[in-house]
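*Asks:* Listed below, chain by chain, are the residues.
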Amino acid sequence: MNTTWSRFNILSVVVGFSFLYLPILILIIFSFNASKLVTVWGGFSTKWYVSLFSNQGIMDAAWVTIRVALLSASIATVLGTLAALALNRYTRFNGRMLFSGMVYAPLVMPEVITGLSLLLLFVAIGFDRGFWTVTLAHVTLTMCFVAVVVQSRLVTYDRSLDEAAMDLGATPVGTFFQVTLPVILPAVVSGWMLAFTLSLDDLVIASFTSGPGATTLPMKIYSQVRLGVTPEINAVSTIMIAFIATGVVIASIITKRQEVQRKRDERMAMAQP
Amino acid sequence: MNPLKWVTSRLVILVPYAWLLIFFLVPFFIVFKISLSTTAIQMPPYDPVFDGTGTWEKIKQLSFDNYVWLTEDPLYYRAYISSVIIAAVSTVLTLLVAYPVAYGMARAPSSIRPTLLMLVILPFWTSFLIRVYAWIGILKPEGLLSQLLISLGLISEPLQILNTNTAIFIGIVYSYLPFMVLPIYSALEKMDYSLVEAAEDLGCTPTGAFWKVTFPLSLPGVIAGCFLVFIPAVGEFVIPDLLGGSATLMIGKTLWNEFFSNRDWPVSSAVAVVLLLILVIPIVFFQNAQAKAEEAGR
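Residue numbers (our numbering), protein chains in the order written: chain D, 120 to 392; chain A, 181 to 478.
Any given hint could be a false lead.
What the hints assert, rightly or not - For lysine-lysine, the following DSS-like pairs were computed, each having C-alpha atoms within a straight-line distance of at most 27 Å:
id: 1; chain 1: D; residue 1: Lys-382; chain 2: A; residue 2: Lys-370
id: 2; chain 1: A; residue 1: Lys-370; chain 2: A; residue 2: Lys-472
id: 3; chain 1: A; residue 1: Lys-370; chain 2: D; residue 2: Lys-375
id: 4; chain 1: A; residue 1: Lys-392; chain 2: A; residue 2: Lys-472
No lab work stands behind these hints: they were computed from the structure.
Looking at chain D on its own, in the form it has when it is part of the complex (with noise of 0.2 Å):
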């Protein structure tokens, strides 16, 4: 679908992205407003960051939820991994309606209903709520988006390459480190950011799962929020969003490049009498 972009398709882009945008960019410029009206430009000032550093229960929040997002998103991408194999390669299998089922729906579910029902569980079977259940809901919830991401790129996955492997004399699991994954390893490590950052931003499940001392970062920004806009809060906001945008963009950067190796390497292969 290559012919003229029209002025109108053009414009409906550039609507379409200044309203996706410009609430963001606002948020970044008032968090360096010296004023403490978050609507009122006062001047240039970094005082909200300086004071951010001096919050204990925001730091503090702030390290529980990294160490969540790390140890959730690790897991998920092992798990989701497993499922995008498993809904990709076995076509055939007891109850794959059901599991195929399990792995989109809580991409929709709302998650209010997500969150209840794990607390639910975890008072059923006596679990404290702390770090512990957080980090086991969101990798219930993440694993599913990481099976997308995977699911999507083995679709494309030349199967011919892990046969020729096997007949080589693999193992299932050697022809699946040696050979799938690094051919599939762009998608699986941006699985894993998705999950990472998914379990960062969650307010609703980790409010239902956490427990007393596991208060999360958008937990302790909801609770402020609640009591009016601040700039401090701005400021949190902006480092997040710093700090996510940073992460992608390396990853897009380190797959790019892989690409680019990759594509070499193939040449070189061929080249080769």
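Given the coordinates of chain D, work out where chain A should sit on it, guided by the hints.
*Replies:* The following block gives chain A in isolation, referenced to the frame of chain D:
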């Protein structure tokens, strides 16, 4: 199939399967079970049902009071109805905003399409809570939108948007826009544009060609996008809580208050069960659409 291969394949399926059974499916049965119990002042705050002893005695104790309560108090059914209406209106509005954007992206020169795609996905990576929060500063009466419109002389009184349903519509359209743009874009991008040219050559007007050719071909994307917006929007909590007013009834907020403020676990479980029943039909449709897309991709 050799035994090693068989064991590996079983493990690949079994591990994620077991995890989802334990942490996704079983909890729903627990929610259902607790929705049939009665509230009690203890921890956890409900009387146990079905603990395996004296089955018949226990079954007689099952209480549908919580469900009866949901039908008796107008607060609940009004919250359900208004959630479905708000979600439906927001879905239509999101479609109206997203379609021109997706169409514009699909018609863009192929060299800049990956960048545009990246720009649509990027907001999805930034916190939902923060993006909703950003709108408070814009929409409040002394906020930036009022200031801008007053300084332009378009209005003389500050706008009263925050704490109304309009603010919720804006919040949902804004937060869920990428979910609508992406599937429509991917449907339009795959489309063969020469079909539209053929229609126009055969005497179709550009508008006619759009409705007869382009739109029907993008329909799978439109449907997927509508589900991705509608289903979570019905149970949305953060947006009605931060942008809506006290008069706004949405079921996600009702459930949250029932659980955290009233500490009534059985009633909040009953609220969740009914919400799930409302959403089960759209969820099944969504999964069928996903499964079809998966089939087609293989």
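*Asks:* All the hints need checking, so say for each whether the structure fits it.
*Replies:* A quick look at each hint next to the structure:
no., hint, result
1, D:Lys-382 - A:Lys-370, "25 Å, holds"
2, A:Lys-370 - A:Lys-472, "16 Å, holds"
3, A:Lys-370 - D:Lys-375, "23 Å, holds"
4, A:Lys-392 - A:Lys-472, "23 Å, holds"
Hint compliance for this structure: every hint is met.
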